[in-house]
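J.: Residue-level listing of the chains:
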Amino acid sequence: MSELTREETEALIQEVLEVYPEKARKDRAKHLAANDQSVEQSKKCITSNRKSLPGVMTVRGCAYAGSKGVVWGPIKDMIHVSHGPIGCGQYSRAGRRNYYVGTTGVDTFGTMNFTSDFQEKDIVFGGDKKLAKLIAEIEMLFPLHKGISVQSECPIGLIGDDIEAVAKKGAKEMDKPIVPVRCEGFRGVSQSLGHHIANDSIRDWVLDKRDGQAFEATPYDVSIIGDYNIGGDAWASRILLEEMGLRVVSQWSGDGTLAEIEKTPKVKLNLLHCYRSMNYISRHMEEKYGIPWLEYNFFGPTKIAESLRAIAAQFDDHIKEGAERVIAKYQPMMEAVIAKYKPRLQGKTVMLYVGGLRPRHVIGAYEDLGMQVIGTGYEFAHNDDYDRTIKEMGNATLLYDDATGFELEEFIKRMKPDLVGSGIKEKYVFQKMGIPLRQMHSWDYSGPYHGYDGFAIFARDMDMAISNPCWSKQTPPWKKQPEALEPTEEGDLKKVA
Amino acid sequence: MANIMVGKTAVGAYSFYLPKRDLEDAIVSMEYDSADKWGGEIRLNNGGTYYIEPQALPARFPISLRARRLDAAE
Numbered sequence: 001m002s003e004l005t006r007e008e009t010e011a012l013i014q015e016v017l018e019v020y021p022e023k024a025r026k027d028r029a030k031h032l033a034a035n036d037q038s039v040e041q042s043k044k045c046i047t048s049n050r051k052s053l054p055g056v057m058t059v060r061g062c063a064y065a066g067s068k069g070v071v072w073g074p075i076k077d078m079i080h081v082s083h084g085p086i087g088c089g090q091y092s093r094a095g096r097r098n099y100y101v102g103t104t105g106v107d108t109f110g111t112m113n114f115t116s117d118f119q120e121k122d123i124v125f126g127g128d129k130k131l132a133k134l135i136a137e138i139e140m141l142f143p144l145h146k147g148i149s150v151q152s153e154c155p156i157g158l159i160g161d162d163i164e165a166v167a168k169k170g171a172k173e174m175d176k177p178i179v180p181v182r183c184e185g186f187r188g189v190s191q192s193l194g195h196h197i198a199n200d201s202i203r204d205w206v207l208d209k210r211d212g213q214a215f216e217a218t219p220y221d222v223s224i225i226g227d228y229n230i231g232g233d234a235w236a237s238r239i240l241l242e243e244m245g246l247r248v249v250s251q252w253s254g255d256g257t258l259a260e261i262e263k264t265p266k267v268k269l270n271l272l273h274c275y276r277s278m279n280y281i282s283r284h285m286e287e288k289y290g291i292p293w294l295e296y297n298f299f300g301p302t303k304i305a306e307s308l309r310a311i312a313a314q315f316d317d318h319i320k321e322g323a324e325r326v327i328a329k330y331q332p333m334m335e336a337v338i339a340k341y342k343p344r345l346q347g348k349t350v351m352l353y354v355g356g357l358r359p360r361h362v363i364g365a366y367e368d369l370g371m372q373v374i375g376t377g378y379e380f381a382h383n384d385d386y387d388r389t390i391k392e393m394g395n396a397t398l399l400y401d402d403a404t405g406f407e408l409e410e411f412i413k414r415m416k417p418d419l420v421g422s423g424i425k426e427k428y429v430f431q432k433m434g435i436p437l438r439q440m441h442s443w444d445y446s447g448p449y450h451g452y453d454g455f456a457i458f459a460r461d462m463d464m465a466i467s468n469p470c471w472s473k474q475t476p477p478w479k480k481q482p483e484a485l486e487p488t489e490e491g492d493l494k495k496v497a
Numbered sequence: 001m002a003n004i005m006v007g008k009t010a011v012g013a014y015s016f017y018l019p020k021r022d023l024e025d026a027i028v029s030m031e032y033d034s035a036d037k038w039g040g041e042i043r044l045n046n047g048g049t050y051y052i053e054p055q056a057l058p059a060r061f062p063i064s065l066r067a068r069r070l071d072a073a074e
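Here the protein sequences come in this chain order: A and B. Going by this note's numbering, the first residue of the first sequence is number 1, and it counts up by one from there. Going by this note's numbering, the first residue of the second sequence is number 1, and it counts up by one from there.
Everything labelled a hint here was simulated from the structure, so no lab data went into it. Computed from a predicted structure; not experimentally measured. Be aware that one or more of the hints could be misleading.
Partial list, derived from the structure: chain A residues whose beta carbon lies under 7 angstroms from chain B [to be verified]:
| # | residue |
| --- | --- |
| 1 | Gln-41 |
| 2 | Glu-286 |
| 3 | His-382 |
| 4 | Asn-383 |
Don't be surprised by glycine CBs; every beta carbon is placed ideally from N, CA and C.
Can you build the whole structure from these sequences, using the hints too?
T.: Rendered as structure tokens:
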């Protein structure tokens, strides 16, 4: 579908809003907007980070998901205990594909589920004793773990367990850090508060543990912050930084370790990929340790080159040369990828609805392939995310914050994009509508998508989704109108007609 | 009273961050900006004004401060 004008976009929003009762309509209207690049502050055009309306379908997660699933979970050599009933831990286990190196169950624990499995009696009499016992058991069964984080589920906050006291006592006994995280699911309006709580707990319980200790620093120490190594993303980013001469001290938190996190205050520059989930800790380190931070974008060759140069600009000529060398080295490879896929994807349209950084970061990668993003939205963004998005998106394109199931379906029915990038909850709805969908939370079991290597995979995946012949075969032959029957390659439809 | 963070941008201008509201903005004017007296009424790019108790110029930026909201642009 061709681009909509501002009036058409606004009319579309109004039409979609019509089904709501008046109060809900008023509320939802604030979350939908036609992009206006002239607006300096997103607040003037879109409202975000508000409680979802009861009765509508939202795809947001909870604070526990933000803390255990996003920030803490990927730290591989710690054991993250889902403290509470068993479901939260079990249904979120290993779903995010944050890859790591190590022997699971011996020195790394990323894909395992540790839970205190609350029963009725634990709710009635409190679960502190159980937690203390569990900590002792972990120490006995998994002696190579480097620490424990206690990720609270809803009941912990409701019954008022004192997990901090248990954690302090346990940490003293086994001489390893135990971090109590107050990330009960009911806190906040989405997983976003969970990110914040997790950042704060890292700040309070982990980050200053090696202050004053000796560290063999180099002038080129950096850390990768907010890269969760989904499908190997952080590795694809890391090799580029190392090739240009930087030393990556820590990865937060994909394939990261506790020691790396503790050493982060020694670096010279924090490189922040996912702004939404880790800007808090970056700001803290800027204030306390004087480490500047820089947002970067490793999706698509254009943005990668821009980012590499911006990163290099923070260092001396040695690194600047390194950046140019890296860009030049991968240029032919990228040109080959674009030459192969651009003719197949040119002019196709995409609508995105994801979380974190992707609704704005992947726009450049699609544009490199000649595709156009005609609508984008975040599940749990705040104002500052939209401030950054407005500049990236075309004028009058559709923005939707915390879109409901209904809104998203209607928008996509009307705008008819060639591809939707969203989550698993949306995937089958749209595929049944005949629109290809790539699951952009964990790259649809593919990846990495970051870095130059990732872009080659990204381009292939988008082409596979869009050019798959199944999308033209959604309507069975007996439901097709005779005049709508067009000759196909196989010619078998003609026979049926 | 609100917790705010005042920083300095690459070009040396003051920047404002209000964590509670995820508000990032430029500070367009500051009442006192000398070594021994710094702070007072600050005006943001979006029109909001805050008041920081006048104090000595902080040794380094960014710095977290308590500020009183005089007039927020909502």
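J.: Indicate, hint by hint, whether the structure satisfies it.
T.: Hint check:
1. Look at Gln-41 (chain A): its Cβ gets to within about 6 angstroms of chain B, closer than 7 angstroms, so that hint holds up.
2. At a threshold of 7 angstroms, the smallest CB-CB gap from Glu-286 (chain A) to chain B is about 6 angstroms, leaving the interface hint in force.
3. With a cut of 7 angstroms, the hint placing His-382 (chain A) at the interface with chain B holds, because the nearest CB-to-CB distance is about 4 angstroms.
4. Taking 7 angstroms as the C-beta contact cut-off toward chain B, the hint placing Asn-383 (chain A) at the interface holds, the least distance being around 5 angstroms.
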